[in-house]
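Taken in order, these protein sequences are the chains called A, B and C. Taking this note's numbering as reference, the numbering of the first sequence is continuous, increasing by one, and the terminal residue is 458. Taking this note's numbering as reference, the numbering of the second sequence is continuous, increasing by one, and the terminal residue is 142. Taking this note's numbering as reference, the numbering of the third sequence is continuous, increasing by one, and the terminal residue is 506.
It is possible that some hints are incorrect.
Here are the simulated SDA-like cross-link-like pairs (lysine to any residue), alpha carbons at most 25 Å apart as the crow flies [unchecked claim]: (1) Lys326(A) <-> Leu438(C); (2) Lys454(C) <-> Tyr87(C); (3) Lys78(B) <-> Thr408(C).
Derived by calculation from the structure, the hints in this document are not laboratory data. Everything numeric in this text was worked out from a predicted model, so none of it was measured.
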Amino acid sequence: MYTPHTAGDIAAMLRVIGVDALDDLVRVPDAVALRAPVEVTPQLSEIEIAQRFAQFAARTSAGEYTSFLGAGAYRHYIPPVVAAIAMRGEFLTSYTPYQAEVSQGYLQAIYEWQTYIALLTGLDVANASVYDGATALAEGVIMAVNATGRKAVLVSSAVHPNYRAVLRTYAEGLDLVVDELPYGPDGRTAGATLEAALADQRYAAVVVQSPNVFGAIDALPPAAVERIRATKTVVIGVVAEALSLAVLAAPATWGVEICVGEAQSFGNAIAYGGPHVGFIAATTAHLRRIPGRLVGRSVDTAGKTAYVLTLQAREQHIRREKATSNICTNQAHCALCATVYLAAMGQAGLRNCAALNVARTNELKRKVTALDGFSLRFEAPTFNEAAIRVPGRAAGVLAALERKKIHGGLDLGRFYPELDDCILMTATELTSSADVDRLVAALSEIPVRAAARV
Amino acid sequence: MAQPAGLLYSKEHEWVKLDGDVATVGITDYAQAALGDIVYVELPRVGATLEQFGGIGVVESVKAVSDIFTPVGGEVTAVNDAIEADPALVNRDPFGGGWLFKVQLADVSQTDALMSPEAYDQLVSQA
Amino acid sequence: MPLPAFDTPLIFETGQDGRANRYLPDAPALDTLLPRETLRDELPLPDNSELDVVRHFTRLSQKTFGIDTAFYPLGSCTMKYNPRINDAMANIPALRDLHPFAPDAAAQGALALMWELERSLASLFGMAAFSLNPAAGAHAELTALLIAKAYFKARGETGRNVVVVPDTAHGTNPASAAMVGFKVVSLKSDAAGRVDPDDLRAVVGPDTAVCMMTNPNTLGLFEPRIHEVSDVVHEAGGLMYYDGANANALMGNTRPGDMGFDLMHLNLHKTFTIPHGGGGAGAGPVGVAAHLVRYLPVPVVRAYDAAGKDVEAAGWRDSAELTFALDFACPDAIGTMRSFWSNFAHMVRALAYTYANGAAGLTRVSQLAVLNANYIRASIRDIIDIPYDEINRHEFVASAQTLKRETGVRALDLGKALLDRGYHAPTVYFPLIVPECLMIEPTETESKETLDGFIAVFREIVATAKSDPDKVLETPVNTAVGRIDETRAARQPDLRWRPA
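Hey, can you work out the whole structure from these sequences and the hints?
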């Protein structure tokens with residue numbers, strides 16, 4: 005129960021307070037008294053808790069499978085140094101660093117995180133984190149709406165479907181129109197349709213993701229960026245796999261003004277979806293519209309370098325209903341894990357890791373498409389995942405793989421009915437050649453239906 | 016504390032200086048002192064049409080935000096870019112270099128609703 | 007216990023090219039893997055040896071105050087001990103490495119765990135169902151208001167767009183309301199610091215959507231007429247929303263559902279011992295009464311018995327014999343609030359905490375949280391203003407107004423003097439209705455000795471303020487840095503390091 009009170013303590017404290025019993029402190033009116041006993045988990049000793057959770061773990065068999073799942077949550081190697089640092093109690097159990105004098109260490113770490121994200125995206129500033137990639141997108145769109153005064157947004161359909169779903173949920177509250185830009189035959193956002201869509205200048209932002217949900221590198225070409233800029237529309241770039249930033253052209257260099265994304269890949273466990281860590285980076289022009297906390301560098305009364313939460317007047321606890329966002333708690337500890345990861349990997353280690361991801365994915369693409377009936381659905385270059393067209397329905401192929409203890413990837417038909425013969429397969433530095441060979445062997449044993457696809 | 020002559024005042028602590036039908040608007044010395052160290056001023060865009068007494072921007076100090084209500088309506092013809100780089104100018108020289116924006120008045124008679132230096136002085140001395 | 011004051015250069019100012027740590031085998035050259043035009047030329051990040059990385063962050067940790075360092079009397083934040091068993095359970099590989107797109111069949115244990123937590127919370131707080139989807143308290147408020155909006159839309163009552171909040175409310179309440187297009191009407195507390203149902207009656211009407219409250223309120227006072235408040239809002243056709251920030255005060259003693267609340271959220275990082283981690287990640291489950299269940303965000307965890315029938319349970323049930331699935335096909339759901347299902351690792355922690363306590367333990371937790379808060383109040387009431395000097399709940403509010411008038415020492419200064427003496431500062435200047443306020447919440451995990459130590463130091467600081475105020479005004483001097491130039495930080499924002 006984690007309460008240290010002895011009977012003697014309680015008696016002495018009640019005397020000081022001037023009441024006779026604990027019940028005198030917590031009494032409530034009859035009208036709101038507990039109507040029925042609460043039914044919660046039984047109380048267990050610590051060793052019994054460990055046994056209980058071992059049962060939950062035993063019923064969670066995914067770890068026994070060779071996995072090619074990705075699509076916004078990625079398995080990567082996490083050097084043990086990350087947990088060794090992040091689990092230090094000073095970091096793990098500290099409050100939001102409002103009392104800067106006793107939070108210099110955490111504040112400096114978050115300032116370093118902001119710098120890492122700025123350097124990786126090529127943008128001027130980054131915030132102290134938001135919940136995850138999808139909510140980062142929603143917040144980024146709000147920034148663009150506030151910058152332009154326009155209440156519609158144009159989103160590539162190759163943006164992660166869960167991100168678009170969250171954007172639509174937020175849009176319901178904010179009364180925003182969300183329109184979609186189709187993906188083209190090569191798996192990239194179809195630039196050809198952009199011209200017509202931009203004609204009446206109703207969009208606050210155009211949103212594209214690179215690498216997109218098909219794994220395709222989807223940086224907008226300069227001509228498209230120019231057309232978007234000409235209509236004073238904000239270019240928002242989404243990055244669901246932050247590791248790609250280590251090697252791919254920085255979003256700022258191809259025209260992104262607001263870059264939103266997910267940094268789980270940097271030293272954070274997948275953990276069935278969270279906590280992960282969203283980021284927002286932007287040009288200086290958007291600084292005042294960035295939501296959430298920002299750490300700044302200043303000096304103390306003696307002129308010594310000191311870090312402090314700054315520009316707080318943007319935030320909910322001061323500006324209330326006029327705040328840039330309602331966000332309060334963010335993902336500080338996940339951002340800390342990412343910062344330690346980035347520091348340990350260094351630029352050389354990070355670039356090497358990213359290159360390994362591309363190499364393993366290229367190997368997977370080569371070996372799988374060498375099988376009869378399997379092909380690349382799209383031709384665009386990819387980072388660490390690709391849409392593979394399979395003979396028959398993806399769901400059937402995945403079920404067959406599951407019986408062979410393989411999680412073969414994401415059934416794209418779940419989100420794109422027209423792609424129900426496609427599996428998004430992911431390979432990272434943790435995917436070995438042997439894993440790929442196992443996949444290929446399993447796939448080759450699946451009976452190919454004669455009339456798989458017309 | 017005497018208020019500068021030749022200006023008109025609003026009860027929201029803004030001042031107006033008329034030059035024909037163009038009004039220069041700022042916040043008063045009383046307002047800047049009450050706000051403390053000003054760190055940022057959000058101004059209307061040039062070309063925007065303002066409604067008299069409408070909220071048109073904010074003044075931020077480190078831990079507070081206050082709305083700016085324009086004392087006059089009309090079209091914004093200029094904003095003071097200098098205070099973007101140096102918001103402390105509003106603290107140092109509220110009636111001079113710390114002016115906020117200029118408005119082409121839609122209707123000069125709207126200044127009738129504003130206060131004289133004496134009337135404003137009385138307002139703030141009661142505060 | 008003052009924190010070390012040594013300077014720590016930025017990680018970007020250290021390291022050398024060629025000092026990379028070898029965690030992975032070498033990859034082929036990039037330009038053999040991808041077209042040249044897709045690549046970036048350089049990545050200006052530092053390479054440091056692992057030892058230098060460890061020293062850097064260890065030193066930063068030594069300049070950071072945590073619950074593990076010392077006592078946090080931080081009102082409204084519930085800074086209680088974070089049991090290490092919770093982290094150990096969250097770190098079990100099968101749970102830690104589970105992919106959100108793993109088939110349900112391979113995730114049964116994780117789903118069972120979420121379901122057990124959800125059912126436990128529902129019973130503990132008197133709600134029909136909980137969703138574990140929202141990432142934090144403010145995110146949960148947004149979720150709940152979207153549920154309210156969907157509910158009124160389905161009923162054709164689109165004119166309901168006003169949210170009533172007491173003047174003691176958290177800042178997130180109005181900010182969340184604005185994100186769903188609702189207007190905020192503030193309700194003044196009465197002289198006793200409570201919401202008066204009769205005052206409320208004058209404010210609510212056909213445009214009322216939601217009344218957002220917390221109980222005990224942010225003054226730490228129980229709202230004894232809460233059921234009347236609920237009746238007033240319900241009669242006007244509105245919904246009652248419970249801000250669970252203060253749930254630590256009432257667990258097992260009374261339930262928001264029984265007070266008439268239709269919607270609520272919990273901050274698992276407050277009441278359920280999730281580590282704050284320097285400001286996140288948190289978790290904000292949303293609970294709803296029966297008439298709002300169908301609007302909860304997806305995915306919903308469904309439980310089935312051996313016969314494949316839906317399991318309806320009012321409270322916790324052993325999940326061992328049940329099977330589970332994630333349900334995304336809920337036509338009335340508001341959508342989804344985040345990339346993936348929940349901050350799952352925190353659900354593991356919260357459930358471990360629930361198991362450590364059981365119903366009796368959770369009840370005891372809130373009783374002892376209230377005991378600790380009252381003990382501090384009773385022990386300092388003779389030396390500082392207590393604007394509402396009565397039995398409070400898990401926190402109470404003091405005011406430095408008299409002290410400031412007599413000595414010039416403000417609430418802020420008392421907080422800084424506490425930092426100097428190895429304690430965290432209380433929450434200051436909140437709630438807004440008490441001038442120079444200090445909001446103190448000790449939590450139940452602190453021993454009497456710790457509280458006595460804090461009380462003695464607090465009394466000494468107030469005595470010093472009266473005898474030699476400058477000594478308090480110049481604090482902190484024992485911390486890594488002194489008071490910081492926040493004006494400069496805001497006027498000339500320096501938010502990142504730049505290469506020279």
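Q | Violated constraints from the hint list, given by number and in increasing order | A | none
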